[in-house]
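Colleague: Here is how the chains run, residue by residue.
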Amino acid sequence: MNNQPEVKKNTPSKMFVYFSQLLDRPVVDQDKEEVGRVYDIVVKPSEIYPQSVSLIISKGFTNRKYAVIFWPDILEVDAKELILKVAKSAINFKEKHDNREELTLRRDILDQQVIDSYSHKIIRVNDIHLLTVDHSLMVAHVDISARGLIRRLGFEQLVDFLVRLFNKNANYLTREHLIPWKYIHPLSINPSSMTIKVNVPHKQFSSIPAADLGEIFLDLNINHQIALFKSSDLNTKARIFINIDFKTQKLVIEELADKEAVEILNAIPPDEATDFLEKLPKSHTERFLGLMESKLSKKLSQLLGYANDSAGGLMTTDYIVFIKNTTVEAALKQIKERTFKVEPAQFVYIVDETNHLVGSTNFRRLILANPEDILEKAAFPKTHFVHLDSSVKEVAYLMEKYKYYTIAVVDDNNILQGIITVDDILSRLISIAWRRLKRIKIQP
Amino acid sequence: MHKRIKGLWVRLALFLTVMGPGIITANVDNDAGGITTYSVAGAHFGYSLIWSFIPIIIALVIIQEMCSRMAVVTGKGLADLIREEFGVRVTFYAMTVLICSNIFNTVSEFAGVAASAELFGISKYILVPLCAVFVWWLIVKGTYKSVEKVFLLACVFYFSYILSGFLSKPDWKEVAISSVRPSLQWNKYYLLMLIGVIGTTIAPWMQFYQQSSVVEKGIKLENYKYCRLDVVIGAFIVNIIAIFIVVVCANTLFKNGIRIESAKDAALALRPLAGQYCFYLFAFGLLNASVFSACILPLSTAYSVCEGMGWEVGVSRSFRQAPQFYALYTAIILIGSAVILLPGVKLIPIMIISQASNGILLPFVLIFMLLLVNNKRLMGEYTNSRIYNFITIFVIIGMIGLSIILFFTSFLR
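Protein chains in written order, with my numbering: chain S, 2 to 445; chain A, 15 to 427.
Looking at chain A on its own, in the form it has when it is part of the complex (with noise of 0.2 Å):
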């Protein structure tokens, strides 16, 4: 009984080890544009999209579990694998696209911390150029192991979400009836959001930043079931937290009829209906996603760039050591940041950029890791299992075909 309680210990320990790069992509995963599309869901359509989560959790643990593997594997970032499998054309026109669609990304983000900025009451050309230097300097001067520190300590922040979900009392029985039990309705506006809230949830930048943190993190191939646990710890704990984030737009807004159009909105509206905790818990949600997302979004860019072409890399390297790699950070923060400040800039086209290029890089990417995984001389035993693989390629196929529609309606709306 002693030596079982013991063998507890060490096994908490290794998982404390290695926990983190599947936690913290899964958690960066409910950024602003998340929290928005989550929001508008739970306040137009209330519970009836929640069973869309399980399927989620799924292709998510699916997807990011391949990019552990690989991490653990072979000791190599996926851009390292794609030059050094598929040449420097693919890895390029990859590359760009992947800029191109981060720094989209990354101007939502900045949205979200101007969203935040005004529902605290604080100008946002005070709130927006600090968090750009919050979040420069953390990686600037920060190592790989605080830096993660910092992430993780982010991730708990995330819970104030659930918190304001409980504030809001909603009706638990009937919220666990409609997380498992479909329910399609065949109308436009409703097969538009479950197409949104599943294409937010799974982005080509995760599968990059989630592959190069587990490789950084130096995992070795003995502890890779620690490693697999986290990334199913994060896909649900992110899911989780999705769910909350309807429950409460969905018993407060719904019940009442408000609609919204994004998550300051949302919160706005919660304030009369569900009290000023609740609202403050909500906004501040919205501002903890934001910068932890606009962290990890331009450093996840520079580190595959740099992978992929060659360049130095690391966090830990000083700026004449790796210049293309903080030029790279900083010019993304500081366009990120830049943007949002300028007067009359419109918000929803660049949403639709970011998410269209998503599109685009989507495929590729799914369809690259499919054929590194399973390839031998990489993986040795390590390749996907048969099954796993029909499994794959169907969520492979169902995430292009997602991705694809979402391309087109991003245009259409």
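This is chain S alone, in the form it adopts within the complex (with noise of 0.2 Å):
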């Protein structure tokens, strides 16, 4: 009776293991016979919790040879060494061991920068601390704190010892600085592919803000960038390309054939595809335009067109609009069943069968209309827009005035061209008043 409480406080610390306690610990066979040294762990890469494959030993120090061992032949890791169900003979040393396409958990991820998507942030790994399951290993957390470091130059007790001294109850004795692996991306990168070796969880990656992620994408190296940018799907891509400055967007088109090119300036907002357009070389940017798709060419090439600090060029052609004779509960089902490459400002505009502006409403009246009135009714009492070569002071000027989140942009016949939405104009204003775009840092 008396040793069962003892028994439970042990049971944790040892199904858990840190990778840097195992690295260079014995390996034995069956006969108890050490064959080698613990030098690398492969690991599944495509689990949640990246599951041993295999063990690469090492024996020797000048003369250094590898071996592979499967996990099945893995009879037990013990508090002191590896024991292996097979016999020292049937052991093959080689000179080298590099598979460079699996992961491994001492070449790609011990010591290297990794994403981590709950605190949107680059971190280095310090210590790997895994989880023992029948007899195999898994991959639970990362560990990136100043005591993962400490145990890895071998002073953890020692630094543990004086801390107690001087505080038991000190922080950094109880906090354990552990993320768990769902939120970790390995960056290593498949040198046969270039893409990154884990496959980019599109979930993880769309809990990450779009700005928080272009952050992230601009702290990573050039190598790592176009990698990470190959892995992600469409949608992870717009997010990153819209978020980035121009010098790395330049950097990344350039870097992907032009099919794939014209695909994310495709899902990009048009005023965003007009930014990066525009500040390209000219014959590049008719390059681009000839390679899409014509009514998107057409669209862009007219928004290129547009002095770039007017309401013209500062506008987007993505929004939502009405003929003013729709009935409130189509309007509502239009709205519904459209998708749109950004959150639009709940904004609505109506227009006559010529499309000249007529008006613009709002979700909220939208949703407190009668069904089945016409659109018209719901509409505000007046709507306020801006000319084509309206300035940025200007449009930002009956913005702020009408507080408004996005305002109508027409041309001299009161026909409608786009609208601005509120963030276009903050950044330009932001840009205008620190002489800096993208890159400003605020304090958290």
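Note that these hints are calculated values from the structure, not bench results. Since we're looking at a predicted model, the values are computed, not measured. For each residue, glycine too, the CB sits at the ideal point set by N, CA and C. Some hints could be false.
Calculated pairs, DSS-like style, for lysine-lysine (alpha carbon to alpha carbon, straight line, at most 27 Å) [claimed, not checked]: (1) A/159 to S/283; (2) S/283 to A/234; (3) S/251 to A/138; (4) A/269 to S/248; (5) S/280 to A/138; (6) S/280 to A/163; (7) A/155 to A/138.
Pairwise CB distance ranges, derived in the manner of DEER restraints [to be verified]: (8) S/84 to A/235: 45 to 55 Å; (9) A/155 to S/395: 48 to 58 Å; (10) A/143 to S/258: 25 to 35 Å; (11) S/192 to A/402: 19 to 29 Å; (12) S/208 to A/402: 21 to 31 Å; (13) A/394 to S/208: 32 to 42 Å; (14) S/340 to A/104: 21 to 31 Å; (15) A/335 to S/154: 23 to 33 Å; (16) A/394 to S/62: 23 to 33 Å.
If you follow the hints, you should be able to join the two separate chains into one complex; please do so.
Modeller: Here it is, written out as structure tokens:
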């Protein structure tokens, strides 16, 4: 009876082991004879918690040789050593072990940079926390704490002792800096396909706000940027693309095949696409426009024709518009069914049959209105708009004055051309105020 | 013809965008310690040491070129690569020595500021804190681009030494001959001076700084040739300026048999011999070099240490996002400037410790570099060729030998 609580206490620490504690641990064969030391562990990259596939052991120092042992041949991962089921003679040592496409803990994760999608940062892995399940190991957490560093240096007990001397309940001793593996995305690159070895989990990435995703992306080095971009799905690509600076955008686009590049320009809002295209040398812009489907390229080249700092240059052509005699019910139905490249601000524009701007309304008014009414009845009493050649300041002034999230842009004949959203105006104003676009650092 | 000129312009524009890291790193090399060494070399041995600058250029180009190549190919800093390939233990000890050596180096830069303060007749208690605040403010408030522009401007000010060289009216024919004709003198003082001159040229922080700043610039592989040109130009500029310093001192002090201990002595002795302008140019050069290096050394240390230990890095981050980075940077500047203002502080032991710690670290850094640059997994087809490796190993053995000798002699002196 007395023993029971102690056993309980011991179990968790036995179940978990740090990779740094496994490294260089002796590996013995079935007759308890040493065959080598732990060098690396190959894991299956596809799973949520990667499971160990094989063990790489090394022997010798000056003439180092490596052998690969598959996990079924391992009997037990002991506190002192790893015991194999096979005999020493059955193990085949070679000069090299490099299978560069596999994901291994020492080469690809330990000491490397990874993306932490929980805190939206790039971190360096100080240690890996492994869980023992039926003799095999699973990657459970990564350790990024100072204590992990100190453990690797071999001073954990000394520093623990010193800290305990001063403060028994120090944060340092109790707080574990373990990040669950599901938030961690290794960045190591598969040398043959030049993409990230572990599939980029789109669900996790879509939980990172687009602006943070852009920041993370900018912090990566060129090779990782390109590999990550290539490994992402179109939605993630588009989200990254509109949140990075022009230099990086250009770099990424140049690395892609024409088809992929056009796909991205297709997927991002037209005003972002024109923003990018107008900064490119003319010949490049024309080439991209030529590659696009004619409808989009026509729209973009029209947008490109307007001066950069005029309403025409700022506007996007992605907005919600209805003809004035549409019923509220029909409008709401269409809004529900249509997909948008970006979340449109909740403004809806109303035009006549020949596209002249008649009025505007918002989602709230639509929801509250009588479903059988025509749209004009749900419109604001008055709709303010700007012209294609209105200046940034004029636009900003009107939007602030009437508390608009978006404002309509019309040509000289009062025909609706596009809308300007508040975020585009804001970023333009910020760049005027600070003279720096996109990479402004704000205290969190 | 028209097309060719246009191509030339395009290439020049490309070079201008890539230019920076190599030239800046090389110029920081002519810091307060460097100027002192070259002044003493010129004053005591005349033109007879100038020949050594040609092998120095070669060694500098070879070592720094490997750094920028690694930066462009891998996109990672040297400390990053050491951490990723050699593990945390090696990185930790290397970074500890790097911090130690760079703190002492920074102290000697602020000593240079203090010396030039005295030359201009300003109290060092005003100029040193002023420079420390300026240096701190520049990095904390600046962006990489703006900081680089200030640094490139500082490089231009090094031309004050070239001007002062012309003002001292040397015999150019003699200078030219002695720069290509090795003239070894087999006595202890000459050899020590020679080792000193070569030893101050390649310091461990330079490799870290160069690689990080090339990474920060995000230079692409296809533009690598311009990056290499940047390194070569940097190595030439820095050595030409060093030659001019030696020439000024040789032409005035050596001819008149004046012995000096420091760059300050050199400037003071120049005043009656070469005139007021030469004196001011020399003193201004010293101030510029000291402040410039006092910027780069703490920056480079903070960068490398944070890279290696996996802390947030960057001039473009806020204090709260990168606390370790700013804490290290601030602490090094604070220590560097405070030590100089302590009454009765002796500079010679500081210089010796800084040289000694450089000497301990350099062999390791060079060996790490050689292993990294030849790692096929990292560098692909951009590893060293066999001939290049042969030359590199020769240079590295030479540098290691020299730094070991320097390490011991710095205690003998």
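Colleague: May I ask which of the numbered hints given earlier this structure violates, with the numbers listed in increasing order?
Modeller: 3, 4, 5, 9, 10, 12, 14
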